[in-house]
Amino acid sequence: MIYQRVFLAVLLLVCAILAVIAFGYHAPFSYEPVGPRAYPLLLLTLIMAGTLYLLFRPGTITLGEGDEHLDRHVLAKITLCVVLFTIFAACYEMLGFIVSSFGFAVLMGRLYGGTWIASLIGGVLMSIGFYWLFDRILDVPLPLGILSSLEF
Amino acid sequence: METLSYLGQGFGVATTPFNLFTALCGTLIGTIVGLLPGLGPINGVALLIPIAFALGLPPETALILLAAVYLGCEYGGRISSILLNIPGEASAVMTTLDGYPLARQGKGGIALSISAWSSFIGGLMATIGVVIFAPLLASWAVAFGPAEYFALMVFAIVCLAGMAGNKPLKTAVAAMIGLFLSSVGIDSNSGVYRFTFGSLGLSDGIQFVVLVLGLFSVSEILVLLERTHRGQKAIQASGRMLFNLKEGASVFLTNLRGGAIGFFLGILPGAGATLASAVAYMSEKRINDQEGTFGKGDLRGLAAPETANSASACGSMVPMLTLGVPGSGTTAVMLGALTLYNITPGPLLFQNQPDIVWGLIASLFIANLMLIVMNVPMIRIFTKILAVPYWALVPAIAIITSIGVYAVHATTFDLFLMIAIGVIGYILRKFDFPLSAILLGFILGGLMEQNLRRALSISNGDLGILFSSPICWGVWALTALMIVLPMLRGWRRRLRTVRAGG
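Residue numbers (this note's numbering), protein chains in the order written: chain A, 1 to 152; chain B, 1 to 502.
Hint data in this document are derived by calculation from the structure and do not stem from the laboratory.
Taking lysine-lysine and the DSBU-like style, the derived pairs with C-alpha atoms no more than 35 Å apart in a straight line are:
1. A:Lys77 <-> B:Lys430
2. A:Lys77 <-> B:Lys384
3. B:Lys167 <-> B:Lys296
4. B:Lys167 <-> A:Lys77
5. B:Lys296 <-> A:Lys77
A quick note: this is a predicted structure, and the numbers were derived from the prediction, not measured.
Excised from the complex, chain B in its bound form:
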């Protein structure tokens, strides 16, 4: 019950008028920054830290501001994923799968409001989860060693291929390409330069922003060119901007499942949010996709990754606060902000400075609330993006994309690399290879190799370590199930068609 009183205290701090106003400003700034392709929560949070410090905001207000900007950016990223098919960051990749088709059907407003609502539910569930499970969580995160992580990554990749349904092999190849791309650059364990061909620009590896903007932004620009050539116009969002009760009810169970998955995977440091949104989408597709509507604009396919995402955003605060391990780039920046205020995250934070921890959790919740309060009335404005004619929209996207890429290293090499990746991405897209699989493979790839090598270093090369703990067994069993189930289903379907034909 102690936690409840701390939480109450946290809310007491977060709901003062000044802090509420700060949260409102934070979500607004965050949404706008997140909306720009290539600029994500890392930029948003990093941008505001010096400002918060310069304004002399007290620590709790600064934390509220940062949490609000973080969630605002996450939501802003959804807008460009849904309306333009350009995910701003890794965890928004799954959102494009059903969000963009919805926008193409003219349901952009409904998609945005469902996304906001799902995020809210996810955040709410994760906040409740943190309150209930906080003490247990730290030990759960520690129980995942390198071997367990490796198994989990393999599971995610296998899920991804199984999810694709009609083209599992192409998805698998795409994911492998992504995994491979992550090995470009200097090898951190041995210092060997891999696949850099003597280029200085590649020695640091391929940057995530360069890959995502090349694959999605540049290839989307080329696809838009095709559409312009055929005289197609953007399909504007028409009619309702808000989802109705029936649509809300149809995604409610999805929300609950996505929230649970997101919360528990979000606790894992590393690819938490990305894994969470991918796994939530895939499991939802498994459960609900009898009519084959997923990927063509199914509201449930949009709600699942969105809920999981926002739940894991709250969940990812847990390893940061309890272990001092930042789970993502954004939490790493927030960690920096905490140390600016002389708060050292780590195992003792929950005991020594509970007010900060619970203040942060309460402010995440408030920020979620603010998002829905502020963004739902603004959906009509956001969907106006679709009304911008291509001759103005495309150059704008292209220039902002180039700025996002240039901002990483301030070299033109990255620009050329982005164009090359974009052309290859366009070709892959034409041949029906899912680009989202490449991206997910790329994100998981670095972690996968590191954890595999770490595990084998621990066991001195004995592969047995990959099968040595109950968590490993569980994950491997799930992986096997994921491989066998689609095969079984395909075999049964073939049997049925043979029987029907005979």
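Pulled out of the complex, with its shape left as it was, chain A reads as follows:
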């Protein structure tokens, strides 16, 4: 319950800051009665009103089947997963799709309970297979990065 209140308070704060920013939006010249700031301001006010109400009466959280409250181990793993994702995104163009997705797939495979061998095989198959499928067949351009000298 306390976490939810903290979250709602943060949401409220963010909305307030955004509202202050939105208040400054002004069209240099305008040919319509509603400017660019009315609509976001209206919504932010409504969100803040709703959040305030929830802050005082948060209600109960119903857990889905098989879900439990988080403990420290899960939280650590989730942080690790997000970090992996971020590194993947950062390397995406630099190292190119094949290399970065190979590393990402291996580590993610390990994180999700695969053995080293299985994750490695999965990584090789996925990085090359998806590159071939998307870049060559489906015409979705993907960066080659450090492998760009191999362009064929």
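Given chain A, put chain B in place with the hints provided.
Relative to the frame of chain A, chain B by itself:
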């Protein structure tokens, strides 16, 4: 009766062996493309236009191919919604609500077959609807001005909050967040940059694909991590793959209602399919949810949005063909394909080139039929996705997701944005905020603001225009009803518990 003969002609063209084979290939390709998260009908159709052109297919065959790919993608999107809880596109959001719980109960096969069957009924109803109402439809779509649209959007949002039952306020807040997110980016009316914080990546607004994949795909990956940690395995679809007669009969009335709603809302250009599936789901929940099974794996909750969806897919062809107004990204791409073949959609198309119009309608119908013929035997294969262990499935989903996001702008900024949205989505999910509401709010948001501002521009700032036509009055009355009814019901329930307690 003229329309009937045209339709017959259309079917004559569509049922030649070559065209039937094309439709079969189209549905197969469409299903596979739609199955990949982040790639939807837009990609599928856009992918095949140059191929169709390069192969030198005659216009009617090309149209059949495109219609088949369109419907195939729609159906493929259902597979990932139901089995993985990742909706590929906006109109599949409602499918996850009851589809995913069904898959978690091991009824993935039944859910997929009900979904295919419902889509078929929806498509069938809409085809019949187009034949009967075609002349009336154009005028109905034109009768919706900006003010009417705005009222309709408000109605949809209110419905959404009312639908949530036990947490209307959280749903409302989530929908507002979605509505707000749509205002990020350059304001098309005044050119003011809103909430971009000087970032070039945000100046274009938040892309739909980035939002949907962040909210659903990334947060689902994190939830799967929790489950792996606890040693849970995916629940495999077992036993029957097909629904039985009893289940089919139990959703039949739902199918009929969903088809009607889908068809009429699908005609409206704009958020037709999304609105249709949302409204169909909500009204079905209103009518049938006495035991509170909706959202926990009720077949009717799956059938309603599915029927509405496919009915509106056919319905959305109407504004495209009669007004030349594409109702969605996909119809916009198809519009492009039509112009490639020197066919100009617009008011005169029905008079000048009826064979093309009815050929397209007939091919939609054929594509629907093909889907059910082809996909029902393949359901067993699709449900095998659930048998893939997490260590292979999750990296695959993650990488395909990243490709889908990267394909939008080819910038890594979108990848970072997706991760951020995913983390926030995961937190929101933990606190019981419905993510589907955010997504629907986001889709309706842009249209809502545009229409509000357009309406007020017309009236020069007078709010009276929002209440000036009979359609407006009707929609506002329904909105009021939607707000009052749940309150009344809650009040009566409280009264009853007080009485029972006393």
